[in-house]
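Engineer: Heads up: the sequence lines are chains A and B, in that order.
The working numbering puts the last residue of the first sequence at 1180; the count rises by one with no breaks.
The working numbering puts the last residue of the second sequence at 305; the count rises by one with no breaks.
Hints in this document: simulated from the structure, not taken from any laboratory.
Among the hints, a few may not be true.
Estimated spans, in silico, between C-beta atoms of each pair [said to hold, decoys possible]: (1) B:V279 to A:S875: 33 to 41 Å; (2) B:L206 to A:D1109: 55 to 63 Å; (3) A:V916 to B:L206: 31 to 39 Å; (4) B:M143 to A:A660: 29 to 37 Å; (5) A:A1163 to B:L206: 42 to 50 Å; (6) B:E190 to A:P911: 50 to 58 Å; (7) B:L206 to A:R650: 54 to 62 Å; (8) A:H783 to B:V116: 53 to 61 Å; (9) A:G1050 to B:V55: 29 to 37 Å; (10) B:M143 to A:K793: 33 to 41 Å; (11) A:A743 to B:L271: 36 to 44 Å; (12) A:Y927 to B:I221: 31 to 39 Å.
From a predicted model like this one, the values you see are computed outputs, not experimental measurements.
Where is the CB? At the ideal position from N, CA and C, for every residue including glycine.
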Amino acid sequence: MTGKPVLSIRNLSVALPEGADRRHAVENVSFDVDPGEIVCVVGESGSGKSVTAFSVMGLLPPGELKPVQGEILLEGENVLTASPQRLRDLRGTRMAMIFQEPATALNPVMTVGQQIDEVLRIHTGLPPAERKAKVIGVLDAMHLPDPAGAYDKYPHQMSGGQRQRVMIAAAMALDPAILIADEPTTALDVTTQAQILTLIKEMQERRGTGVLFITHDFGVVAEIADKVVVMRQGSVVESGPAGAIFENPREDYTRMLISSVPSLDPPAREPAQGPVAVESIGLVKRYGGGGWFAKKGEGFLAVKGVDLSVRRGETLGVVGESGSGKSTVARCIVRLIDPTEGAVRLAGTDIAKLSTRGLRPYRRRIQIVFQDPYRSLNPRRTVGASIIEGPMNFGLPKAEATARARNLMGLVGLKPDALERYPHQFSGGQRQRLAIARALAMEPDVIIADEAVSALDVSVQKQVLELLDRVKREFDLALLFITHDLRVAAQICDRIMVMQRGEVVEAGPTRAMFRAPKHPYTAALLAAAPGRGFGETVAA
Amino acid sequence: MSAVENAAPLAPPRAPSALAAVKRHPLAAVAALVLAAIVVAAVFAPWVGTVDPTALAPARRLAAASAEHWLGTDHLGRDVWSRMVYGARVSVTVGVAVAVLSIVVGLFVGLFTGFIRWLDPIVMRIMDGLMAIPGILLAIALVSVSGASMVTVIFAITVPEVPRVVRLVRSVVLSVREEPYVEAAVSVGTPLPLILWRHVVPNCVPPLIVQATYITASAMLTEAILSFLGAGTPPIIPSWGNMVAEARLLFQIAPWNLLFPGIALAVTILAVNVLGDALRDRLDPKLAKRVGR
C-alpha cells in the first residue's frame, strides 16, 4: 500500500487501575493503517485488542483506563491530546466504529433511518430532504433489500445481519478515513458473517477506507486481512503482511493460534459399534399456542420431527445456525423443556412424557454442559458444593461424593484443592472443565454439550475439546455435541446432523459430509466458513 | 497440565470492613447511629429517665420543659419525654413486624409463583386485588370490627405490602430460573424446594433487604396516620400518631406537645430511608457500577 497512513499508533500504553493483575492493559503498541488497507488485530480475551480500538475512538471508560504513553495519529492529528469537542467532530466524520452486538448498539425506540440521519444532522448542514435521500442511498449501498422501506423500520424488525448492515451504513455515512470494527461478526451466523465480511471488503475497496478490524478468529483474518497484528496480554507479539504471517509465523504464540483453528478436513473415523444410548423419535416442540384461548395448531414450531440416535462411545454433532432448533432438541432430550410430541428413549424407556417424579431416576443418566461458563456455576457456592450436589441428591454420602469430586478434578486437569474455591476464581476454560466434572460426577450414559466451547478462546477451545473426547472414550459415553461452528464439529464428531428451521436437512459421517455435502444448505454452510481451506489458499 | 497452574490463588470474596463502609457513606453511618439510639431507647424505655407515661398530673399540665420534665407535659400533665420514648416502642414494633411479616410471606409466595407456571396467573391476580385495597381504609374497617390493637394495625398494614414483595421476588425468580446453573441443578435431579433454597433465595436477599427498609419506613408512617385518625393503637398506649392528634388543638398554647413526636417520627423515617438508599447503592450491582464502585 502507498500513501501516508490514515491511522498511526505509536508506543501506546494504557494503564489499568491499581490492583489489577497487570499494570498496563496495552503496552508499547505500535502499528499503522494505510488508506484502503484492512489491518486485523488478533488476540484472545484479555489481549488488549479492544482497549486499543477504544483508545482510538476516545471511548475508554474515564477513571478506569488511561493512556499514559505514546500517541495515536489520525491523519497526522494526535487524538489522545484532542479536546472533547474536537473528538466529537472527528467521530463519525473521520473515524467511525461498529460493534459486536448490533442489537444493543442501535437505539430500539428510533427508526433505523432516524439513527443514520442523526449522524448527518450533527455533522453536516444538509436540509432534511437531502439528508433523507442520502440515508436511503447509504442503506442501498449496504445492499439492504428495500432501502426506502428500511428507513422507517425499527431495529427489532430486522435480522441480526441487517442490523449490522445498518450499523455499517451509519458508520460509513460520512465517508470516514478509518472504520474500526470490534468483532463485528462474532454474534452473527456463519452465512451472515460471510456476507458482512464481503460488505466490509467492498466498502474498503470502493471508498479507500482504512479498516481496523478486531477479531479473535483466525478464520476471519485469513478471509479479509491485508496486514495482521497479533496481540497477547497487552503487547504486540508479531505483526506483518497477512501472507507472511500465515506462511511463516515467527513466534510460537502465533503458530499456536494458527494451528488451534480446527481444519475443515476431518480425519476418517471408525463408526461406533456400541449400543444405542439415547434416541429421539419424531421429536416436535411447539412454543406458544397452548393457552386457553389459542386455537389448536397455533404457535411457533421450533423443532419439526427430529429423529436421532447416539451410540455409546460415539459423538454426534448437531450443527445449525441460530433459530435452527438445535438447542431446543438438546433441551427436550434432557427434559429441561417438555417436548410437544415424539419420544425420547433412554435405557429402553420413553422419558418424553414422564412426570417430574417418574423422571428423577433417569436424570442422572443424561447430563448437559452449557455454553456460558460464567453462568453455569452458582457464583455463591463453592465449586465443590456444585459438583457434589447431584450425587448427594441420589443418596451418596457427602464423604464419598467429595472423594469422587476430588478424583474428577484430577481427571479434568484441575487441582483437587480447588474444590474449596468460588467460580469467579477460575478462568472460562477452567469453569468449563468444572462443568464437565459436575456432569461426570453423576456417572451418566449421555453427555450433551450445548455450544460448550463457543464462548472460549481458540487455544482453550482446543483443550476443552480434547478433554471431552478423552472422557467420552474413558467412560464409554454417548456425546451429543451441539454447535454452530462447522470447524469445531469437524474436529470432534463421528457423525453430523445439519439442522435448518427445525428440520434435519442432512445427516451422515463427518468426513463424507465435508467432502461431498448433499444438501444445498450444508454446502452453503461449508462455503461460508471463514478462511475456508486455510493453509491451501495461503500457500498458493 | 497448564490449566492447573493457571488457577489464580485469589482470596474468597471478603465483606468490606465496617470502617470503609462508614467512610464511603458518612450519612448512612449517621442514620444507622440514630436508628440504633431509637431502638435502644425503645427497648430500655423504663431506664432512660422516664416516668410512667400514663400517670396523670392535672396540676402540672402544659408545663414547659424543665429538669423534672425534660420535654414538658401535655394537657393531662403526662410527661412528654416518657410518652415519646414509649411511643418509639409502637413505631419500632410496627415497622419491624410489618417488614418481617411481609417479607416472609412475600418471599414464600413469590418463590412458588415464579417457579410454578400454572400458579403464576392465579396468584398474581389475587395480588393485584390485594394491592387495590388502601391500607388505611382496611385498618379503619378492621379496627371497627375487632377493636383497636397493635396486632390489627400490623395485619392491616402488612396485607397491602405483601403483593409488592411478591412481585419483587417473582421478578428475581423469573430471571434466575433461566440461569444455566439453575438448569444444571434441575438436570442433576435437585428437588424444587432445594433449588429454591440453594440457588434462588440467595439472589433474592439483597433486593429484599432494601425493600425491607422501605417497608419499615412506610409502615411507621402508616401507623402514625392510623393513630392520628384514632384507628391505630388504643389511645391508652402512647404513640407518636396519637400524641400529635391530641396536641393538635393546643398547638398555639403548647407547641412542643406536637413538635417533639412529629420530629421523632420525621427523623426516624428519614434515617430508615437514608439507610435504605445506602444499602441499595451497595447491594444493587447495576447501580453500584454506575455510582463508580
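Engineer: Each hint: holds or not?
Structural biologist: Hint check results:
Our hint of 33 to 41 Å for V279 of chain B and S875 of chain A is violated, since their Cβ atoms are close to 58 Å apart. For the pair L206 of chain B and D1109 of chain A, the beta carbons lie near 33 Å from each other, so the given range of 55 to 63 Å is not met. Evaluation of the 31 to 39 Å hint for V916 of chain A and L206 of chain B yields a pass: the beta carbon distance comes to about 33 Å. Separated by about 47 Å at the C-beta atoms, M143 of chain B and A660 of chain A break the suggested range of 29 to 37 Å.
The hint said 42 to 50 Å for the Cβ distance between A1163 of chain A and L206 of chain B, and at roughly 49 Å that hint holds. Take E190 of chain B and P911 of chain A: their Cβ atoms lie about 38 Å apart, and the range 50 to 58 Å is violated. The hint said 54 to 62 Å for the Cβ distance between L206 of chain B and R650 of chain A, and at roughly 59 Å that hint holds. For the pair H783 of chain A and V116 of chain B, the beta carbons lie near 60 Å from each other, so the given range of 53 to 61 Å is met.
A beta carbon spacing of about 56 Å between G1050 of chain A and V55 of chain B contradicts the range 29 to 37 Å that was offered as a hint. In this structure the hint that M143 of chain B and K793 of chain A lie 33 to 41 Å apart at CB holds, the actual value being about 38 Å. For A743 of chain A and L271 of chain B, the Cβ-Cβ distance of about 57 Å falls outside the hinted range of 36 to 44 Å, so the restraint is violated. Distance hint check: the CB atoms of Y927 of chain A and I221 of chain B are about 37 Å apart, consistent with the given range 31 to 39 Å.
Of the hints listed earlier, those the structure fails to meet are numbers 1, 2, 4, 6, 9, 11, in rising order.
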